[in-house]
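Chemist: Sequence:
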Amino acid sequence: MRRSKAFIPTTKEVPSDAVLASHIFLSRAGFISQVASGLYSYMPLAKKVIRKIENIIHDEMAQVGAQEVELSFVAPSDLWIESGRIDKFGKELLRFYDRKEKLFVLGPTHEEMMVDLVRNRVVSYKNLPLNLYQIKTKFRDEVRPRYGLMRGREFIMKDGYSFHTSTEDLDREFDALEVAYKKIITRLGLDFRVVEADSGAIGGSGSKEIMVIADSGEDNIAVCDTCEYGANIEVFLNMDELDEDFDANSITDIKTIKGDDNCPHCAGKLSLTKGIEVGHIFKLGTTYSDALKAKYLDENGQSQSFIMGTYGMGVSRLVAAVIEQHHDENGCIWTKETAPYMVNIMISNIKDEAQNTLGEELYLKLLGENIEVMIDDRKERFGFKMKDAELIGFPYTVIIGKELANGTVEIYDRKTTLKTTVSTGEIYKKIMELM
RNA sequence: CGGGGUGUAGCUCAGUAUGGUUAGAGUACCUGGUUUGGGACCAGGGGGCCGAAGGUUCGAGUCCUUUCACCCCGACCA
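No gaps in the numbering here: position 67 of the first sequence is 68 in this note's numbering, and each next residue is one more.
There could be a bad hint or two in this list.
No farther apart than 20 angstroms at their CA atoms in a straight line, the calculated lysine to aspartate or glutamate pairs in the EDC-like style are these [stated by the list, open to error]:
no. : residue 1 : residue 2
1   : 403       : 362
2   : 430       : 353
3   : 294       : 278
4   : 430       : 329
5   : 53        : 354
6   : 416       : 434
7   : 183       : 60
8   : 275       : 362
9   : 430       : 411
10  : 296       : 278
What the hints contain is simulated information worked out from the structure, not anything from laboratory work.
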């Protein structure tokens, strides 16, 4: 892509309402644009990042044999009445009437829709287990949306649902999905913990959250310094039966824990940190299949309710989480798997013919290799283009500038902020090595 | 849903206590020129229903009433 033609409206000014790094930089670097409270439009750079995350999810879902479907976003309220959740969800569930005065809702999560899709179609144990998922816009009319993509009302989520004939088989699937989720977050280049969590309003028994470690996270989690154990703070407190007056939001109480708590699973010490919940997996059991009368016939010809699991992952929230974990004072630092463009070719002085020629040549060559490459061909000065490149966060920027007189260019590494001098003859090879 | 705050140019904001030329600055944008290794400089230019609706007044960005939107703290939260 040519920067001169790219729709990437970057700004020097910080949006007045942005607090979090991800919100500030995604806005300033031209990834997202707020439309209303909790509603954002994605511009080209954001779309590219989202697509990359989605591709990794599809990839790992295929590995565990989950199949992609797509449920309609607008859902008839009947299903929500049938499951009994229409009242439980309250105002967070956005309702409206169509022209025939029929009540519909915008899906905040899709247990009902998925069970409805499967019931009366999968009617034999022979066709189980089954794991179906989608990546789709969700809508929750949050009381208080905030923090940019972190807590919007409309957001993109991967939601998956599995159907089983036994709790043992559900356990197996649950573990497989936990592994898959870990792989996804690892591939995205994020530091995370899987923590024990509360099942919440969805219901069910086992529940784990994937927490991306970040100071700006909204969840307090206790993690062991020795083993993999981690727990959402509320869960940890319940287990340990600490004093009932404990207030998880109180700083003094949190400090109290920090001092003297041992891991319940090993001899390690627990410490407290903050996390961004990017994934949540549940063992649902038969809650929804019972409510919606979704049954199959077992080996003995007996009617049984599906035993279900559900697996969510916040795609748009992951975009923000990457930046929360990877940024500096100058802007975004995308990881290799999430970068909208891997390479930015910066022509320092567009009027310099030699610089221009080399830049164009390299650009076409990389394009030919399907490298995601941007060429900054704007008539701007060096400093302006560098600031812009740092704000957007390209992993690598090839600086074609005055060093060209010595037959060299530089590769600027956004993460380390180091510049490496490379001869013009080796630049192509060097870049291919970095990919 | 409680408490607080803000709405004026694409963006960041002055101006409102005490009503009074044609509503401002910076930045961004357009033209021309200079400049070209860390968000340059000079000159010229386009851009506003002062959130909306009512009212008070000779006169309202400014005062009054109503309303809408957005943000922050809290509670809530797959």
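Chemist: With reference to the structure, classify each hint as holding or not holding.
Modeler: Structure-based check of each hint:
| no. | hint | in the structure |
| --- | --- | --- |
| 1 | 403 <-> 362 | holds, 17 angstroms |
| 2 | 430 <-> 353 | violated, 24 angstroms |
| 3 | 294 <-> 278 | violated, 32 angstroms |
| 4 | 430 <-> 329 | violated, 29 angstroms |
| 5 | 53 <-> 354 | violated, 35 angstroms |
| 6 | 416 <-> 434 | holds, 17 angstroms |
| 7 | 183 <-> 60 | holds, 13 angstroms |
| 8 | 275 <-> 362 | violated, 47 angstroms |
| 9 | 430 <-> 411 | holds, 13 angstroms |
| 10 | 296 <-> 278 | violated, 33 angstroms |
Hint compliance for this structure: hints 2, 3, 4, 5, 8 and 10 are broken, all remaining hints hold.
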